[in-house]
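So the protein lines, in turn, are chains A and B. Heads up: the first sequence begins at 1 in full-length UniProt numbering, then just goes up one per residue. Heads up: the second sequence begins at 1 in full-length UniProt numbering, then just goes up one per residue.
Treat each hint with caution, since some may be false.
Note that identical chains are pooled: a pair holds if it fits in a single copy or bridges any two copies.
[Claimed, not checked] Here are the computed lysine-lysine pairs in the DSS-like style, where the Cα-Cα straight-line distance is at most 25 Å: (1) K188 to K232; (2) K188 to K223; (3) K67 to K266; (4) K211 to K265; (5) K265 to K125; (6) K39 to K67; (7) K266 to K39; (8) K125 to K211; (9) K265 to K39; (10) K125 to K266; (11) K265 to K67; (12) K39 to K211; (13) K211 to K266; (14) K39 to K125; (15) K67 to K125; (16) K125 to K69.
Please keep in mind that the hints were generated in silico from the structure rather than gathered at the bench. Only a predicted model underlies this, so the values are computations on that prediction, with no experimental measurement involved.
Number of protein chains: 2
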Amino acid sequence: MTYCVAIKLNAGLVFLSDSRTNAGLDQINTFRKMIVYEKADDRFMVLLSAGNLSISQSVREILQIEKLKDSKNDEGTTIWNATSMFDAARVLGAAIRRVHERDAASLQQSGVDFNVSLIFGGQIKGEGMRLFQVYSAGNFIEATPETPYFQIGESKYGKPVLDRVITPETPLDEAAKCALVSMDSTLKSNLSVGLPLDMVVYEVNQFQTNKVVCIDEQNPYFKMLHNSWGQKLREVFDSIEDPMWNGESTTVPLMSQSSRNMPLKKISTPEDKLI
Amino acid sequence: MTYCVAIKLNAGLVFLSDSRTNAGLDQINTFRKMIVYEKADDRFMVLLSAGNLSISQSVREILQIEKLKDSKNDEGTTIWNATSMFDAARVLGAAIRRVHERDAASLQQSGVDFNVSLIFGGQIKGEGMRLFQVYSAGNFIEATPETPYFQIGESKYGKPVLDRVITPETPLDEAAKCALVSMDSTLKSNLSVGLPLDMVVYEVNQFQTNKVVCIDEQNPYFKMLHNSWGQKLREVFDSIEDPMWNGESTTVPLMSQSSRNMPLKKISTPEDKLI
Numbered sequence: 001m002t003y004c005v006a007i008k009l010n011a012g013l014v015f016l017s018d019s020r021t022n023a024g025l026d027q028i029n030t031f032r033k034m035i036v037y038e039k040a041d042d043r044f045m046v047l048l049s050a051g052n053l054s055i056s057q058s059v060r061e062i063l064q065i066e067k068l069k070d071s072k073n074d075e076g077t078t079i080w081n082a083t084s085m086f087d088a089a090r091v092l093g094a095a096i097r098r099v100h101e102r103d104a105a106s107l108q109q110s111g112v113d114f115n116v117s118l119i120f121g122g123q124i125k126g127e128g129m130r131l132f133q134v135y136s137a138g139n140f141i142e143a144t145p146e147t148p149y150f151q152i153g154e155s156k157y158g159k160p161v162l163d164r165v166i167t168p169e170t171p172l173d174e175a176a177k178c179a180l181v182s183m184d185s186t187l188k189s190n191l192s193v194g195l196p197l198d199m200v201v202y203e204v205n206q207f208q209t210n211k212v213v214c215i216d217e218q219n220p221y222f223k224m225l226h227n228s229w230g231q232k233l234r235e236v237f238d239s240i241e242d243p244m245w246n247g248e249s250t251t252v253p254l255m256s257q258s259s260r261n262m263p264l265k266k267i268s269t270p271e272d273k274l275i
Numbered sequence: 001m002t003y004c005v006a007i008k009l010n011a012g013l014v015f016l017s018d019s020r021t022n023a024g025l026d027q028i029n030t031f032r033k034m035i036v037y038e039k040a041d042d043r044f045m046v047l048l049s050a051g052n053l054s055i056s057q058s059v060r061e062i063l064q065i066e067k068l069k070d071s072k073n074d075e076g077t078t079i080w081n082a083t084s085m086f087d088a089a090r091v092l093g094a095a096i097r098r099v100h101e102r103d104a105a106s107l108q109q110s111g112v113d114f115n116v117s118l119i120f121g122g123q124i125k126g127e128g129m130r131l132f133q134v135y136s137a138g139n140f141i142e143a144t145p146e147t148p149y150f151q152i153g154e155s156k157y158g159k160p161v162l163d164r165v166i167t168p169e170t171p172l173d174e175a176a177k178c179a180l181v182s183m184d185s186t187l188k189s190n191l192s193v194g195l196p197l198d199m200v201v202y203e204v205n206q207f208q209t210n211k212v213v214c215i216d217e218q219n220p221y222f223k224m225l226h227n228s229w230g231q232k233l234r235e236v237f238d239s240i241e242d243p244m245w246n247g248e249s250t251t252v253p254l255m256s257q258s259s260r261n262m263p264l265k266k267i268s269t270p271e272d273k274l275i
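Let the hints inform the model, and build the full structure from the sequences given.
In structure tokens form, the structure reads like this:
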């Protein structure tokens with residue numbers, strides 16, 4: 001399993017991925033799931049991958065050389081000459097379809113689904129930043145102000161904090177912190193997501209970044225965040241009063257007149273019928 | 001979808017279930033998923049169900065009359081005369097198998113899995129409290145001090161807080177609060193889990209309870225908990241410092257010497273090879 005998250009803000013982009021790959025619990029390895037494509041002062045793109053590792057590695061290999069031709073005399077669009085991130089995402093889709101042509105039938109014969117999912121985002125000079133989620137069929141969707149982030153892999157544990165915090169106006173470093181909390185919750189609950197983490201933070205219109213970090217067990221910030229979050233969450237939990245039942249005096253009773261309108265199904269003797 | 005959770009503590013048992021059932025997003029209904037079996041001063045049992053509603057309703061119907069015979073002359077064990085919760089859980093398993101015999105083949109012809117999962121717990125006079133998770137095949141597992149709770153249905157969003165708080169020593173009302181926080185996180189993230197909630201809190205050796213409540217949108221305690229939890233979680237998030245990058249002074253740098261040992265895969269020009 002995998003957990004990757006990418007966030008598109010007005011101020012820039014945040015990418016975060018774990019590095020655990022498993023084929024069963026007894027075959028766990030470390031594979032990095034993030035790759036950066038950079039051409040100075042022209043384009044900056046990041047690819048995150050989840051799903052079958054053989055497929056995602058093939059896609060990454062082919063993406064380097066894939067040419068998308070829309071007509072016969074077309075010279076071909078590549079990720080390096082595409083004039084928009086939309087076209088670059090189409091090239092990625094074409095690379096996935098090429099791997100599908102090559103491998104899908106054989107995989108199916110072995111009972112393996114053609115399963116890969118990707119996040120692809122960045123900026124090409126001449127337009128704003130864009131962020132896409134790309135599916136196994138090579139189709140894709142784009143992040144919007146209403147849904148400014150994408151997750152792939154084991155996404156559920158880390159979703160609540162993203163929903164509570166992220167808007168397009170969130171500052172870049174705060175969004176990076178949010179992505180790390182989201183990852184921390186996922187690491188805690190799912191053994192198949194593991195350190196080290198790769199994080200890239202990109203500032204709008206820079207076409208490069210020096211905010212690239214590999215986070216392992218020794219990283220002081222991640223250690224601090226992990227410990228603080230766990231401890232303070234517990235303090236918040238303790239600060240909320242326990243439920244009081246009827247007969248006890250409280251301003252926020254758990255049992256109230258209005259909530260007794262739907263009595264629970266209760267069978268009190270063997271002879272009772274289901275009600 | 002559904003979310004149910006049950007917790008076994010030294011002090012008693014907590015059961016909580018939502019009430020949303022859906023067959024596609026355009027067919028959402030309210031069905032209660034909790035049922036209480038009670039025989040004064042003799043036994044107190046609670047059943048929670050998730051999965052295919054037609055199966056779980058059939059199981060509940062049959063459970064009332066199911067007799068488990070271990071030998072030819074055996075009078076038959078029912079949930080009303082079983083001398084242990086283990087035997088009562090076996091009766092429940094037998095009820096599931098009876099529904100399986102009746103319906104599984106037809107369901108399979110329609111491409112529907114025989115999918116039901118149940119939590120069954122309580123106390124029968126003569127032994128301590130016990131809590132079981134029962135599967136579609138009628139087999140079951142029992143909660144232990146190391147794993148004192150079970151969840152069925154949409155379990156991921158609500159798992160982290162249970163893991164952080166619950167131990168066998170947790171007081172009963174605190175565990176009830178924890179179950180409600182767990183449910184609140186699930187409600188926030190999954191549309192197919194919905195109010196009202198049913199909650200039962202059982203105190204050890206009582207063989208009855210008056211702590212039974214149906215919680216709807218108007219419940220003052222649940223409203224308070226929902227608002228406080230969301231707001232305080234955000235305060236905790238804000239109280240943790242944002243990551244600082246290299247060059248800036250901080251005691252907990254995100255980028256440190258030790259974390260730069262594994263450089264990220266970076267392709268800087270079209271000619272670069274994948275490294």
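Are the CA atoms of K39 and K67 at most 25 Å apart within a copy, between copies, both, or neither? within (18 Å within a copy, 74 Å between copies)
Within, between, both or neither: K125, K266 at alpha-carbon 25 Å: between (67 Å within a copy, 19 Å between copies)
Up to 25 Å between alpha-carbons, please classify K211 paired with K266: within, between, both or neither. Intra 60 Å, inter 13 Å, cutoff 25 Å: inter-copy only.
With 25 Å as the alpha-carbon cut-off, assign the pair K211 and K265 to within, between, both or neither. Between copies only: 14 Å across, 58 Å inside.
Cα distance capped at 25 Å. Does K265 pair with K125 within a copy, between copies, both, or neither? between (64 Å within a copy, 22 Å between copies)
Tell me, please, which holds for K67 and K266 at an alpha-carbon limit of 25 Å: within, between, both or neither? Between. Shortest inter-copy distance 20 Å satisfies the 25 Å Cα cut-off; intra-copy 67 Å does not.
Can you tell me if K265 and K67 fall within 25 Å by alpha carbon in one copy, between copies, both or neither? between (64 Å within a copy, 22 Å between copies)
Is it within a copy, between copies, both, or neither that the alpha carbon of K266 lies no farther than 25 Å from that of K39? between (69 Å within a copy, 11 Å between copies)
At most 25 Å between alpha carbons: which applies to K188 and K232, within, between, both or neither? both (16 Å within a copy, 21 Å between copies)
Alpha-carbon proximity between K67 and K125, which holds within one copy, between copies, both or neither at 25 Å: within (20 Å within a copy, 74 Å between copies)
Go through the copies and call it for K125 and K69: within, between, both or neither, with a Cα cutoff of 25 Å. For K125 and K69, only the intra-copy Cα distance (22 Å) is at most 25 Å; the inter-copy one is 77 Å.
Give the relationship of K265 and K39 under a CA distance limit of 25 Å: within one copy only, between copies only, both, or neither. between (66 Å within a copy, 14 Å between copies)
The structure meets every hint from the earlier list without exception.
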